[in-house]
Amino acid sequence: MDDETYFAIPPYSLDKVKKQTFLSETLCGLTRHHYQACPAYRRVLDAMQFDTTRACSYYDLPFLPVRLFKEYELLSVDKADVVKTMTSSGTSGQQVSKIFLDKATAARQTKALSRIVASYIGPKRLPMLILDTPAVLKSRTTFSARGAGILGFSMFSRERIYALDENMDLDREGITTFLEEHLGKDILVFGFTFIIWQHFYKELGRTGFRPDLSRGTMLHGGGWKKLLDEAVSPADFKRSLHEVCGIQRVYDYYGMVEQTGCVYMECERGHLHASIFSDLIIRRAKDFSVADTGEKGIVQVVSILPGSYPGHALLTEDEGILLGEDDCPCGRLGKYFKTCGRLQNADIRGCSDTYAVQTR
Amino acid sequence: MQFRPDKVECLCPLEAAYDIMPSLRALRPFSAEIGAFLNALSQVLMADKEAKAYPDVITFGFFCRKGNIEKLKNTYETRISHRLGRGVAFHIAPANVPVNFAYSLVCGLLSGNACIVRAPSKPFPQTGIICRAMRQVLERDAFRPLRDYIAIVRYDRNNDTTAYFSGLCDVRIIWGGDDTIDEIRKVPIPPRAFDLTFADRYSICVIQAAVYLLESDPVKTAQDFYNDTYLYDQNACSSPRLVVWIGTDGAICAAKRRFWAALHETVQARYTLAPIVAVDKLTALCRCAMDLPGVKLAIMPDHLIDRIHIANLSSNLEQYRCAGGSFLEYDDQNLDALASIITRKFQTLSYIGFQPEELREWVLSNGLAGIDRLVPVGRTADFGPIWDGYDLITFLSRVCDVG
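Just so you know, the protein sequences line up as chains A and B, in that order.
First residue of the first sequence? That's 0 in numbering that gives the first Met the number 0, and the numbers climb one at a time after it.
First residue of the second sequence? That's 0 in numbering that gives the first Met the number 0, and the numbers climb one at a time after it.
Pulled out of the complex, with its shape left as it was, chain A reads as follows (with noise of 0.2 Å):
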């Protein structure tokens, strides 16, 4: 199937046998096309050896771990065809990974992360009220998580504001001004999960500003790692955001800067979905065999876009647990899943003091 075709199938309307068959397919391709084209990858394959030429389904296929792009910069075209770019956010000291697009895949990305966006919130560009501060995009030639999700999110707007200005203080005034221009019409709401949680809701709250976006929806992503720390469940939030903002429509997403454009949306049972262009395998620690529905293990994700870097298979370092597959209440067919958090930082013994630095 070429890539317009499969573009223009809805994301979510694959049962599992011809998605499987549709990803074993690609995703083998992609293999060999990495084999050839980038070289430390292809000396990971020879290792594990592992022989390309063979059909197998793509569960079987090898799947490099995240962190090797914080350490090697892997890319499978000419440096001077990479036109952007991606890196992760770290916190400064930290490595960040280090991703790199040509024309073609950061094309992909964008389509697939519309196809699935504009099966959330129609095919119309909406007004767009981003729940950050424009200062993330500063540097135009490399782009962080938070950077890309604005960048690649303001695709579905027509119009949008920064609801922070450079200090992360809340623009009540622009927010005010925003919604009386778009007054009964659909918008479009997007950040990160704390970010809106610690800039806008909290501010929300100690101010008494209440802006009306009931007829908004709202797309969050960056996981709730922090909000567990203050003891905040995904209900808390979608309970407590309605309360000061009476938005009704709150979808969370789990993806991550190594596989853009994939993201897994969630739906209204608040299950995550993949969709046609990405797929999720949940693995156990021990032999990385495939866990069973409903068995925590550790998360390997695929995705059919990346052309210009081998990270069309990889094994995260977050854990989830596979809910079901094709029969979710909400309709929408495929994987549904959910979260776990990061990997837990293991109690390892040993002479050195230096282990968890070392490696994390």
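Since the hints were derived computationally from the structure, they do not count as laboratory data.
Restraint-style ranges between C-beta atoms, simulated for each label pair:
no., chain 1, residue 1, chain 2, residue 2, range
1, B, T271, A, E158, 53 to 59 Å
2, A, D228, B, A35, 51 to 57 Å
3, B, T58, A, D325, 53 to 59 Å
4, A, E72, B, R256, 34 to 40 Å
5, A, E158, B, P122, 53 to 59 Å
6, A, E72, B, G366, 38 to 44 Å
7, B, E182, A, E180, 54 to 60 Å
8, B, A162, A, Q48, 50 to 56 Å
9, B, D290, A, K224, 28 to 34 Å
10, A, Q247, B, R3, 51 to 57 Å
11, A, L150, B, S314, 42 to 48 Å
All C-beta atoms, glycine included, are put in the ideal place defined by N, C-alpha and C.
Model the placement of chain B on the given structure of chain A, informed by the hints.
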């Protein structure tokens, strides 16, 4: 700088007078009173019901018994007859090995020093058991004079406290690896004092394939090797990370099959691989594959044991270390290539099928920068007063010379 006694928990005795320690009378190495104290401690530990659940505590108790201390003393013969403890030894124990603090203390006492020992801040049950036994022994009238010589303390990383103890000491013993050493060294010690440092090290195992096939009981050997590695998450400085097989291709192939199959049985029965460690191991494999020539991962039933075959030896192998059961493997006909990559990072060489004297001669005649210990497989974690190439008894005591 200010010392805050309330920031320090003294585990043994419950209250210590640190400031008088420098003025205590120095003891002679292997003094009778310390020998008697250790033997009494051994008896209490061996009879302790709770201790039975901790093999490392029992091993320590066994180490302290009279017979063993006498035996150690005899190895020093007359070399210690004109020596005295240096004064106060300040020990900083590693955070992740529960019983190391106790061995360090014993070496300090046997050399004749008063000892301040910083135990790991993690609340290991072993720390409690050993300190309780020690307090019990020190309560006895016979050992009361020794009470001032011992202070086992626990405190959260705090430079003021470390500075206070460092200011009292004549020798500072730093366990815990490179980063801890860097950190502690920023804190000054008195002019005559020095640091004895236990840095991050790299250890290897060398197996004569034909001898293993002929003489070893695979199950026993697997348990021994397990104790060298998985028992400490393959993360002790003495845990082998590189296994070198010596012999003909045929013998090596057969020996490997038997050795790893037996180890796999043991690991499967006893070891739990943490998910993050599984990811670490996959990362280590990928890094090796990308950086080193001719890397092949051996086929195993699962990832409890990762065997990464390398086609050449190079001196940067220690950069590819990974805990939790990740082994580099290399085949050769003799030890020549191995000799060429030994750096000062290398600590323990454990072996099967070699004569230790023959291996020692190999180290000495090649003038190798590393390898301080040669022990049979199964004995890498055995503690002795000679560690990391230092004779602790000698380093922790001073000579009174007659010119």
